[in-house]
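Protein chains: 2
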Amino acid sequence: MDFEIERIVERARENRARVLQLQFPGGLTRHGPHVARCIKEHVNVKVLLSGNPCYGACDLDYNPKADLLVHFGHAEIPELAARDVCFVEVRSNVDVIPVVDDALALIRGQQIGIVTNVQHIHTLDSVCRHLESAGLRCLIGDGDRRVKYRGQVLGCNFSSARAIDVEEYLYIGSGAFHAIGVALATGKRVIAADPFLQKTSIADVDLILKQRYALMAKAMDAHTFCMLVSTKTGQQRFDLAFKLVEEAIQHGYDAYTVTINEITPWTLYQFPAEAYVNTACPRVAIDDSALFKAPMLTPIEFEMILGKRDFSKYGLDEFSSG
Amino acid sequence: MDFEIERIVERARENRARVLQLQFPGGLTRHGPHVARCIKEHVNVKVLLSGNPCYGACDLDYNPKADLLVHFGHAEIPELAARDVCFVEVRSNVDVIPVVDDALALIRGQQIGIVTNVQHIHTLDSVCRHLESAGLRCLIGDGDRRVKYRGQVLGCNFSSARAIDVEEYLYIGSGAFHAIGVALATGKRVIAADPFLQKTSIADVDLILKQRYALMAKAMDAHTFCMLVSTKTGQQRFDLAFKLVEEAIQHGYDAYTVTINEITPWTLYQFPAEAYVNTACPRVAIDDSALFKAPMLTPIEFEMILGKRDFSKYGLDEFSSG
Chain E
66 MDFEIERIVE RARENRARVL QLQFPGGLTR HGPHVARCIK EHVNVKVLLS GNPCYGACDL
126 DYNPKADLLV HFGHAEIPEL AARDVCFVEV RSNVDVIPVV DDALALIRGQ QIGIVTNVQH
186 IHTLDSVCRH LESAGLRCLI GDGDRRVKYR GQVLGCNFSS ARAIDVEEYL YIGSGAFHAI
246 GVALATGKRV IAADPFLQKT SIADVDLILK QRYALMAKAM DAHTFCMLVS TKTGQQRFDL
306 AFKLVEEAIQ HGYDAYTVTI NEITPWTLYQ FPAEAYVNTA CPRVAIDDSA LFKAPMLTPI
366 EFEMILGKRD FSKYGLDEFS SG
Chain Y
66 MDFEIERIVE RARENRARVL QLQFPGGLTR HGPHVARCIK EHVNVKVLLS GNPCYGACDL
126 DYNPKADLLV HFGHAEIPEL AARDVCFVEV RSNVDVIPVV DDALALIRGQ QIGIVTNVQH
186 IHTLDSVCRH LESAGLRCLI GDGDRRVKYR GQVLGCNFSS ARAIDVEEYL YIGSGAFHAI
246 GVALATGKRV IAADPFLQKT SIADVDLILK QRYALMAKAM DAHTFCMLVS TKTGQQRFDL
306 AFKLVEEAIQ HGYDAYTVTI NEITPWTLYQ FPAEAYVNTA CPRVAIDDSA LFKAPMLTPI
366 EFEMILGKRD FSKYGLDEFS SG
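Taken in sequence, the protein lines are chains E and Y.
Position one of the first sequence corresponds to residue 66 (the numbering used here), numbered consecutively onward.
Position one of the second sequence corresponds to residue 66 (the numbering used here), numbered consecutively onward.
It should be emphasised that the hints constitute simulated quantities derived from the structure, not laboratory data.
Possibly wrong hints are sitting among the right ones.
So these bits of chain E aren't anywhere near chain Y, every CB distance computed over 10 Å [claimed, not checked]:
1. D67
2. T94
3. N117
4. E327
No farther apart than 27 Å at their CA atoms in a straight line, the calculated lysine-lysine pairs in the DSS-like style are these [claimed, not checked]:
5. K130/Y x K308/E
6. K308/E x K264/E
7. K130/E x K105/Y
8. K105/E x K308/Y
9. K373/Y x K105/E
10. K308/E x K105/Y
Cβ atoms here follow ideal geometry from the backbone N, Cα and C, with glycine treated the same way.
All chains should be modelled from the sequences, with the hints used to inform the complete structure.
Below, the structure is given as structure tokens:
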């Protein structure tokens, strides 16, 4: 794995930094002490490792004591215009072509939209050439200012998929969430190709839609709604939460707003409500819903049950910019 | 319970606040939605409830969206000079005299030092008068700038106890930690009087000392130490952590520093170390030690095992000011 020690050292020297804060997402945290040691071999700095959970570049753990934050594993979010942050994307060096070859058998039409996460973003051109040599037309969309690269998707932003008009998408990456997100955001067929497991599949939105409608049905019996706002740098939808509280009260419900850094079942136990509405990372509501004792809705789902949005047309919660 | 709604409303009006953030310690959090409702009946503000765990006035959850933070259940820490914070101490109205009467039977000498937490701080004068009418001499000490009131102790500060020269202390309050802290900080006998349970006892330091020495013995086998720094407003002992890392390395150990808001077993799992040194709230190391898979020491305990402090004389970790 390339942690770009040289670039970090250079940036630390440029900034005349005396204290660096390193922030890793969960899967990479264990490399922190080693990376810190490598940096300190080359430049005279003190190093702090962030111990707070991190799931994206929307969560920049600035430290008042540090002159420079080094954030690993995610691409910068352009609209956040992060100050004094050195992003180290930690690209994967796995060869994606074999799993793309497997995916060919699942592609139905003549043209396909390609999306991926930052780990594999550098492979998109060769993926396109490869698919085009097999007679397909490839499209890669420009996302909004929430994503840095063409064809990049986040768990909360599928703008690069929506930007192109195709009947089918190929998602390159691991985990089910992003492929399902593209399918929900576009309403189209999505082929998921996992280059680590060398496995292909068709994103299945049925199960998740059943779960979401079941939660919405349960939340319809609620009298009190608790609106959640995260204080993470790129997730602070306070005004949305205030709007939802007003809408809830207009519809005869009781509602209040809780701000919280890390949304967990044990912190929410203290806040009595028959349903929660999560304005923070959409994945908390969707991936973790089974952990919470009361239904946790997205803002769009809440407006669906209020009747302010079409209940029959599921809307995916995204963080979008203009 | 008096949440001082009128004073909060007045302060909100004075500040022309449009958004208030309310912060409660764990035991009071469930009153948040009700208190928010009471405030909004009197003044046109939006209210946010902090959902982050809070154990003291060292942990002020400022919110960028809020004009005023209302912090419940703790007294201000003078040295932190908190800006734009309205402290609501939520004093207890329980009568402490009956349990003080019970404590009389346990007092051996002619004079006694009185300490308590902020919940009962307003009772100290009447406690003194009561004890003096029983023929005792009462002393109440001035603490340092970490505590607001004479005779007040915190889980991390026993300066008001150390300020007086007595052979015995009476601690008024619930829970075992504060009384044991006074005993460890002063080396004197401490009578604990719990006005809620109407129970008296003698603070027993033996068990906790055995536990601490056992953890220190185990940590002596460690090769790698992980130093922990909290980013909570009044707990940021970065320089202490940096000093401890240097001391560890001078003594041939490996060491690194992790900054973290909430120190929990599941966040520390990601940071491999055979021992942790906690520069945050001392109670995390002492109260919660059984939760962590490796020994968690206080900074003083770490220096005891390095041989920089007398190993036979236990030193209690405190946050003290000049």
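query = So which of those numbered hints doesn't the model satisfy?
reply = 2, 3, 4, 6, 7
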